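Take a look at the letters that make up each chain.
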Amino acid sequence: KAGVTQTPRYLIKTRGQQVTLSCSPISGHRSVSWYQQTPGQGLQFLFEYFSETQRNKGNFPGRFSGRQFSNSRSEMNVSTLELGDSALYLCASSLRQGGYEQYFGPGTRLTVT
Amino acid sequence: QKEVEQNSGPLSVPEGAIASLNCTYSDRGSQSFFWYRQYSGKSPELIMSIYSNGDKEDGRFTAQLNKASQYVSLLIRDSQPSDSATYLCAVDTGRRALTFGSGTRLQVQP
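Going down the list, the protein sequences come from chains A and B.
For the first sequence, the numbering used here begins at 425 and goes up steadily by one.
For the second sequence, the numbering used here begins at 645 and goes up steadily by one.
One or more hints might be untrue.
Claimed, not checked - Straight-line Cα separation of at most 25 angstroms, DSS-like style, residue types lysine-lysine; simulated pairs: (1) B:Lys711 / B:Lys646; (2) A:Lys481 / B:Lys646; (3) A:Lys437 / B:Lys686.
No lab work stands behind these hints, which were simulated from the structure alone.
Computed from a prediction, not measured in an experiment: that's the story for all the values here.
Based on the sequences and whatever the hints tell you, model everything.
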């Protein structure tokens, strides 16, 4: 069974721009969660989508948004990029909603200059 | 107090020894506990999940959970240099999302 895929793998953007990241979950998984990982803050939860609805949200500003499509694929958008948004963005898929076993994709490394 | 706490390490053990990784959590209502392994430059990989008190074994790995003490641990037997990685403890703190510890870096010396 294919794992979680994320595109693009690397991205360089300029402050003030916006970016869209994509995630395709494991086949049959309907939950997609997004995380931000930085050396200083570790892995921080952004939001979770299940059946095309946002079910949970972490403590991030409204510049961070997402959506999920009917095939469970998910996108995450960050608007008005700031230098502090430079991070590894990870998505994880799960069979069930909430705190259940989650399987991570390879991540998108975003650098904001 | 952080919701999920881990010693950052590095924890250094010789090849063939038992590595013991520890994690404490603050929410008594937590029900689900996970251990992830993350190699440098890679994404986290799920290696163990545990939901009830006691031990759960899978190959060289044993997860131990003590809800009364709010403590979960991971034992790696016969440690190999390939086990050198950062180990992340994750807990469902009742908010239906996983909260991760900052991770413990394990170094297995050949």
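For each hint, the structure was consulted:
1. Proposed proximity of Lys711 of chain B and Lys646 of chain B is supported: the alpha carbons are some 17 angstroms apart, at most 25 angstroms.
2. Taking the CA atoms of Lys481 of chain A and Lys646 of chain B, the gap is near 19 angstroms; set against the 25 angstroms cutoff, the hint holds.
3. At roughly 22 angstroms between alpha-carbon atoms, Lys437 of chain A and Lys686 of chain B fall within 25 angstroms of each other, so this suggested pair holds.
Of the numbered hints given earlier, the model fails none.
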